[in-house]
Amino acid sequence: MPFMKGVAPIRRTTKYLARCPLVLKPRVKVMTVNFNDKGEEHSEGVRDFVFWNLPQIQYKNPNVQIVTFKDMTPSPFITCFMEDNSKVYFDVDSQTNKEIMDRLVKTVGKSKQVLEEEAIASEAKSNPANFNRRLGFERHCICEMPGQVPCPSVVPVPIHWRGKWWNQGHRYEEEE
Amino acid sequence: LRSLIIHQPRQDPLRLQIRWKKWGPAKIPHKKPRWIPMARSKMFVDPPTCLIAQAELDHEKSLHTQYEMRMKALVQYLYEDEAKFSDTGEAGRMEAEQEEKDHIRLVKENEEENRRVAEMRKLRLEQEMEQIKINVQRELSAKEQEEKERIESADQLVRREADSMRRRILPQNLEAAINEALDNPLDPEFALDRDGHIYRGRETKSLKIPEDQREKLTIPEKNQSTEKISLE
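Protein sequences appear in the order of chains Z and R.
Position one of the first sequence corresponds to residue 139 (the numbering used here), numbered consecutively onward.
Position one of the second sequence corresponds to residue 491 (the numbering used here), numbered consecutively onward.
Errors might be hidden in some of the hints.
As the list claims (entries may be wrong) - To give a feel for the contact side, a few chain R residues facing chain Z, derived at Cβ under 7 Å: (1) Gln-556; (2) Met-559; (3) Ile-594; (4) Val-607; (5) Ala-608.
In case anyone wonders, no lab produced these hints; they're calculated from the structure.
Glycine is no exception: its CB is placed at the ideal position from the N, C-alpha and C atoms.
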């Protein structure tokens, strides 16, 4: 692992981050985690959740705001704020981080089926209108299409079409 | 089949052909009264014929037909696509409703889970409270015991000192005390052997004492009441 910075640098690897089962539903906008920092056993699961799983969740949900609050309440809980201004509370007293994760996936996460469908849909629908032979499309550039401007590497483009001519102010010169 | 939305003017409900001026100021009276027949020069005039070649007209018509067909097909395709796959179409709306129901159900289940966790927390807190009470009680009784012992030991010290004060040697008892001391010499000397026998006295010869008369050195037994180690 290059650049092993921090306490548990595996949390910074893409492989680890991508293995997150929780992809929040589009209705969830903000997630807050209230927990206690040191000592108390009943808050240990949430502490582990925040340390190990929160980076994963943020990686998979970059548009969801995730906030943590330390030592504000006697018992830990998680709140999810929805787009219709409603809240869902998760009381996570004395639960392990795995239990918390499973609960979140069940209540506010997309199901496995939906995730699989999305994965299939997002796989490159090869659009024949795209260019780039290197990426497997049929055409490398629009210059090879009949009726289009030929490739400037073969036939130089008229000078007054070039951005260089335009930006250097030649368009203001009087034509000789 | 869904047709293109074409805005049409409001139609006459009786659908009669009525000739009247459609726009502009009304000309009253009209140019020629309705009951006066058409002018003789204008009667029986052949309608104007189209001079464009029939082939061209047919070609144009077929082009139009093709165009209409393709446009309708495209519109139909887009309509079906919107209904099936978009978020605002039929299928999308139904999916959204289903998702809403699922969400409500899941939130209810979550509420029950919260209740269960709250009960477990209540039990845990009660147990912790009990434990705290026991600890407090134990500490209080330990402190009480300590106090008692302290007072007792102070008491004993005072008694011992008072006793020794009572037995102090006054000037008038000096000679008697000296005689008594000389008559009863103290011999603190002792010897120990490896088996734990103690031989008291300066003049005692350890090997001359028979085995059954040897004094064994033992660890003094502690009183139960002064034991401070608890076995909980």
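These are the hints, each one checked on the structure:
no. : hint    : result
1   : Gln-556 : violated (23 Å)
2   : Met-559 : violated (24 Å)
3   : Ile-594 : violated (10 Å)
4   : Val-607 : holds (5 Å)
5   : Ala-608 : holds (6 Å)
In summary, the structure is inconsistent with hints 1, 2 and 3 from the numbered list given earlier, while agreeing with the others.
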